[in-house]
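Residues per chain are reported as follows:
2 protein chains.
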Amino acid sequence: MKPLASFSHLPQGFQAAGLHCGVKADPAVFDLALFVSDRPCVAAGVFTTNLVHGAPVKVSRERLPRTTARAVVLNSGNSNACTGARGIADARWMTALAAEQLGCFEDDVLVCSTGVIGRFLPRAPLTAGIPAVVAALGAGADSLEDAARAMMTTDTFPKTSMREAKLGGVTVRISGVAKGAAMIAPNMATMLAVIMTDAALPTDEAQAALRHAVDRSFNCISVEGHMSTSDTVLLLANGAAGHAPLAAQDQNRFRQMLDEVAAELARAIIRDAEGADHEITIDVRGLPTRGEAFRIAKAVADSPLVKTAIAGADPNWGRIISAAGYAGVALDERDLTLRVNGNLLYQAGAPVEFDAAAVSEGIRGQREVHIEIDLPQGTESVRFWTCDLTAEYVRLNADYTT
Amino acid sequence: MKPLASFSHLPQGFQAAGLHCGVKADPAVFDLALFVSDRPCVAAGVFTTNLVHGAPVKVSRERLPRTTARAVVLNSGNSNACTGARGIADARWMTALAAEQLGCFEDDVLVCSTGVIGRFLPRAPLTAGIPAVVAALGAGADSLEDAARAMMTTDTFPKTSMREAKLGGVTVRISGVAKGAAMIAPNMATMLAVIMTDAALPTDEAQAALRHAVDRSFNCISVEGHMSTSDTVLLLANGAAGHAPLAAQDQNRFRQMLDEVAAELARAIIRDAEGADHEITIDVRGLPTRGEAFRIAKAVADSPLVKTAIAGADPNWGRIISAAGYAGVALDERDLTLRVNGNLLYQAGAPVEFDAAAVSEGIRGQREVHIEIDLPQGTESVRFWTCDLTAEYVRLNADYTT
Chain F
1 MKPLASFSHL PQGFQAAGLH CGVKADPAVF DLALFVSDRP CVAAGVFTTN LVHGAPVKVS
61 RERLPRTTAR AVVLNSGNSN ACTGARGIAD ARWMTALAAE QLGCFEDDVL VCSTGVIGRF
121 LPRAPLTAGI PAVVAALGAG ADSLEDAARA MMTTDTFPKT SMREAKLGGV TVRISGVAKG
181 AAMIAPNMAT MLAVIMTDAA LPTDEAQAAL RHAVDRSFNC ISVEGHMSTS DTVLLLANGA
241 AGHAPLAAQD QNRFRQMLDE VAAELARAII RDAEGADHEI TIDVRGLPTR GEAFRIAKAV
301 ADSPLVKTAI AGADPNWGRI ISAAGYAGVA LDERDLTLRV NGNLLYQAGA PVEFDAAAVS
361 EGIRGQREVH IEIDLPQGTE SVRFWTCDLT AEYVRLNADY TT
Chain G
403 MKPLASFSHL PQGFQAAGLH CGVKADPAVF DLALFVSDRP CVAAGVFTTN LVHGAPVKVS
463 RERLPRTTAR AVVLNSGNSN ACTGARGIAD ARWMTALAAE QLGCFEDDVL VCSTGVIGRF
523 LPRAPLTAGI PAVVAALGAG ADSLEDAARA MMTTDTFPKT SMREAKLGGV TVRISGVAKG
583 AAMIAPNMAT MLAVIMTDAA LPTDEAQAAL RHAVDRSFNC ISVEGHMSTS DTVLLLANGA
643 AGHAPLAAQD QNRFRQMLDE VAAELARAII RDAEGADHEI TIDVRGLPTR GEAFRIAKAV
703 ADSPLVKTAI AGADPNWGRI ISAAGYAGVA LDERDLTLRV NGNLLYQAGA PVEFDAAAVS
763 EGIRGQREVH IEIDLPQGTE SVRFWTCDLT AEYVRLNADY TT
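Protein chains in written order, with our numbering: chain F, 1 to 402; chain G, 403 to 804.
So here's chain F without its partners, still in its complex pose (with noise of 0.2 Å):
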């Protein structure tokens, strides 16, 4: 497995760091990141809309927006969820270290965790690791690639993405690092992106920015439909590029190049997502609403038999059908086509004349499927990903570690 971008650099005015402080036992395992800003950034930040979730959440929730953010500090192998008020206390007092660190207000630093539910925060490794964190901040790829390391725990590679341009006259950048969604292993939870630009950004647009980068994607991922107590997407504008006020051409394409940023680091936790044999794309057109078009997809991608058959490379269209007419949405079977990898499978209300092996055998020979349904009740359409459900992903999630 190997990560989707190449070589990501971080926006200008910004440092990041990882290291191993020791929530996590094996000392050769980073569990530590933290991001910062040289000046008050901007910032917004999506939330899972898990009415269980971690204190990390909260804390970070009610800190935002604001525009003198100045770090994000992170670990990985505890996600302090489900904790009650030590919790909450735990994550004060990890952005109130940070922030003595690094000479600022404890309001202006951010916090997330990941890992094991329902285990206090243990502060002994985080008293020793964060002023060390802080003392390995750097500003070079080798420092972004560390940060993104320490964010992950079942995931198999760090998933960073990056993309510039000339925006008012200046050269923009717009760099991310995610971690997995998958609820593997026991107790494991949690998507985490940060996104950080040089860019400036007024607070109203940094928020609907990234919000509409996270409803095209994060929003638009799933492994197993599981919604995590700590998804968490930050995003921080620090204005150090010192570009002219953006014309609206420019804004567009700064939105343009946030989305792209956050597809790339959602589709990098589906290749990632544990156990999978197969990417699976859902595009769903033809809808009067984007929203129905996204139940649809949505019914379709987390439906364990349509995920099973895609491992047993089976074309069985019944089941992908079936779902879309379990999904809440008005629709009629008989204006329905199907294809799977660019094949008709299904139209106008009665099965197709195919060849059900050649389909079989492109399924089984690539790890990309591309499911298409379109309809013809309207104009509006998703893209959806997801991943296959092999046994694999339930000897990984079976195992038992109590």
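Be a bit skeptical, because a hint or two may be false.
[Stated by the list, open to error] Far from chain F, some chain G residues (derived; all Cβ distances over 10 Å):
hint, residue
1, T485
2, T529
3, T631
4, R669
5, A750
6, T781
[To be verified] Some residues of chain G that are not near chain F, with every Cβ distance over 10 Å (derived):
hint, residue
7, S630
8, P647
9, D716
10, I723
11, R741
12, P778
[Unchecked claim] Once the Cα atoms are required to be at most 25 Å apart in a straight line, the calculated DMTMM-like pairs of lysine to aspartate or glutamate come out as:
hint, chain 1, residue 1, chain 2, residue 2
13, G, K460, F, D204
14, F, K58, G, D737
15, F, K58, F, D26
16, G, K460, F, D374
17, G, K460, G, D652
18, G, K568, G, D509
19, G, K460, G, E607
20, G, K460, F, E205
21, F, K166, F, E205
22, G, K460, G, E502
23, G, K568, G, E502
24, F, K58, G, D734
25, G, K568, G, D428
26, F, K166, F, E106
27, F, K58, F, E106
28, G, K460, G, D428
29, G, K568, G, E464
30, F, K58, G, D776
Keep in mind that the hints were calculated from the coordinates and are not lab data.
Just so you know, even glycine gets a beta-carbon here, dropped at the ideal spot from N, CA and C.
With chain F fixed as given, assemble chain G onto it according to the hints.
Chain G only, in chain F's frame:
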């Protein structure tokens, strides 16, 4: 695997039969069932809410409710779903052929089919089979079991249930048969049940009582959360017991018996769920409405992470609580109490000390697992049944058969 109920008899005035006619290839496997009343019945039905549904669902639904039903003809091996106008014509043809043999009107025959989606129904075996199954009709327990056996697809045992009681001065009986819900083998779909009684019921009461029973039985089970295209539960009441008009107490007793028959059949489906090692009973209590309790129970039941944790005998309470958190029901995790097999695992927003090894041993050592979620928000509750998710399930569903 053994059936739940040892021996079930038909109510008075009913006959049944089951045999092999050739929809399935294996001559040793039954594939055609018939249930007949010697007099007109009040008939009610509850059907899949999937917008993509089989031709038999369309045909039976348009004939209900009615007061003159006489029979249900049912085949396995082909679900006649996603088969367009030809499928509807085929389903009607099945009822016409049965009606001709029985000497009744076509519209008084209901029809169900289960099996492969998207293949046209083979008329040749049914042309010979329907007269043969009429000739085979009998009122004995063996006839009922033959019919239950002919409904089976990947079921490993026939599912029957019976209750009887003195109501309105005479013995009234309710007998039901069902087949499994797991959409397990490729293209296999469907839960079907036919419940017969010799009680006399007004049409409205038949529909209301059936809805009540289904909401507490078949609608409270989930194998993998994929809604079938063909789910059908039918109730036929022929009044042959000849009871006096039922007093309120006897009406309630009848409803209770119907609930019990439906619940016993539903539990038998879970007991027979493909690849499952554990049957899981989920009790959610203390919500303002039953619908809210239901949504929490279903979110927990449908989470692959909860199901794989049980398969691995892992008392992984974080997965259960986080599933409750995304059920779309307002709740505060600090109010939630969780027990697994009677062991307190979570309370008051923080982890509880418990002997994880002992709880795990308890899960591993018995087939039944009990999850209890208590909230202090109201007085409504729900009981839901599901099963674990094993590598064997994935293997069965990924099997390539095209």
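Quick rundown of the hints versus the structure:
The beta carbon of T485(G) sits about 6 Å from the closest Cβ of chain F, which is not more than 10 Å, so the claim that it is off the interface is violated. Residue placement check: T529(G) keeps its beta carbon more than 10 Å from all beta carbons of chain F (closest about 22 Å). The claim that T631(G) is not at the interface with chain F is violated, since a C-beta of that chain comes within 10 Å of its own (minimum 5 Å). With a least CB separation of 21 Å from chain F, R669(G) remains clear of the 10 Å interface cut-off, as annotated.
The beta carbon of A750(G) sits about 7 Å from the closest Cβ of chain F, which is not more than 10 Å, so the claim that it is off the interface is violated. Listed as outside the interface, T781(G) is consistent with that label: its C-beta sits roughly 21 Å from the nearest C-beta of chain F, beyond the 10 Å cut-off. Against chain F, the non-interface label of S630(G) is violated: not every CB pair exceeds 10 Å, the least being about 7 Å. The claim that P647(G) lies off the interface holds: its Cβ sits roughly 41 Å from the closest Cβ of chain F, which is beyond the 10 Å cut-off.
The non-interface label for D716(G) is inconsistent with chain F: the shortest C-beta to C-beta separation is roughly 5 Å, within 10 Å. The beta carbon of I723(G) is not kept farther than 10 Å from every beta carbon of chain F, the shortest such distance being approximately 5 Å. With a closest Cβ-Cβ approach of about 15 Å to chain F, R741(G) is found to remain outside the 10 Å limit, as its non-interface label requires. Even its closest Cβ contact with chain F, about 15 Å, leaves P778(G) beyond 10 Å, as expected for a residue assigned away from the interface.
The suggested pairing of K460(G) with D204(F) is violated, with an alpha-carbon distance near 51 Å, which exceeds 25 Å. Between K58(F) and D737(G), the direct Cα distance comes to roughly 17 Å. Compliance with the 25 Å bound is thereby established for this hinted pair. For the hint pairing K58(F) with D26(F), the CA-to-CA distance comes to about 29 Å; that exceeds 25 Å, so the pair is violated. Of the supplied pair hints, the one linking K460(G) and D374(F) holds, its CA atoms being roughly 24 Å apart against a limit of 25 Å.
Taken as a hint, the K460(G) and D652(G) pair is broken in the structure, with Cα atoms around 34 Å apart against an allowance of 25 Å. Taking the CA atoms of K568(G) and D509(G), the gap is near 33 Å; set against the 25 Å cutoff, the hint is violated. Taking the CA atoms of K460(G) and E607(G), the gap is about 23 Å. The hint holds against a cut of 25 Å. Only pairs whose Cα atoms come within 25 Å are accepted, and K460(G) paired with E205(F) is rejected, the gap being roughly 50 Å.
For the hint pairing K166(F) with E205(F), the CA-to-CA distance comes to about 19 Å; that is within 25 Å, so the pair holds. Taken as a hint, the K460(G) and E502(G) pair is honoured in the structure, with Cα atoms around 21 Å apart against an allowance of 25 Å. Simply put, K568(G) and E502(G) have alpha-carbon atoms about 36 Å apart, too far for the 25 Å limit, and the pair is violated. For a cut-off of 25 Å, the pair hint linking K58(F) to D734(G) stands: about 13 Å separates their Cα positions.
Taking the CA atoms of K568(G) and D428(G), the gap is near 43 Å; set against the 25 Å cutoff, the hint is violated. For the hint linking K166(F) to E106(F), the alpha-carbon distance of about 34 Å lies beyond 25 Å, and the restraint is violated. Between K58(F) and E106(F) the alpha-carbon distance is near 15 Å, which keeps this suggested pair within the 25 Å criterion. Using a Cα cut-off of 25 Å, the hinted pair K460(G) and D428(G) is violated, with the two alpha carbons roughly 29 Å apart.
About 34 Å separates the Cα atoms of K568(G) and E464(G), which puts this hinted pair outside 25 Å; it is violated. This hinted pair checks out: K58(F) and D776(G) have alpha carbons roughly 24 Å apart, not beyond 25 Å.
Hint check: violations occur at hints 1, 3, 5, 7, 9, 10, 13, 15, 17, 18, 20, 23, 25, 26, 28, 29; the rest are consistent with the structure.
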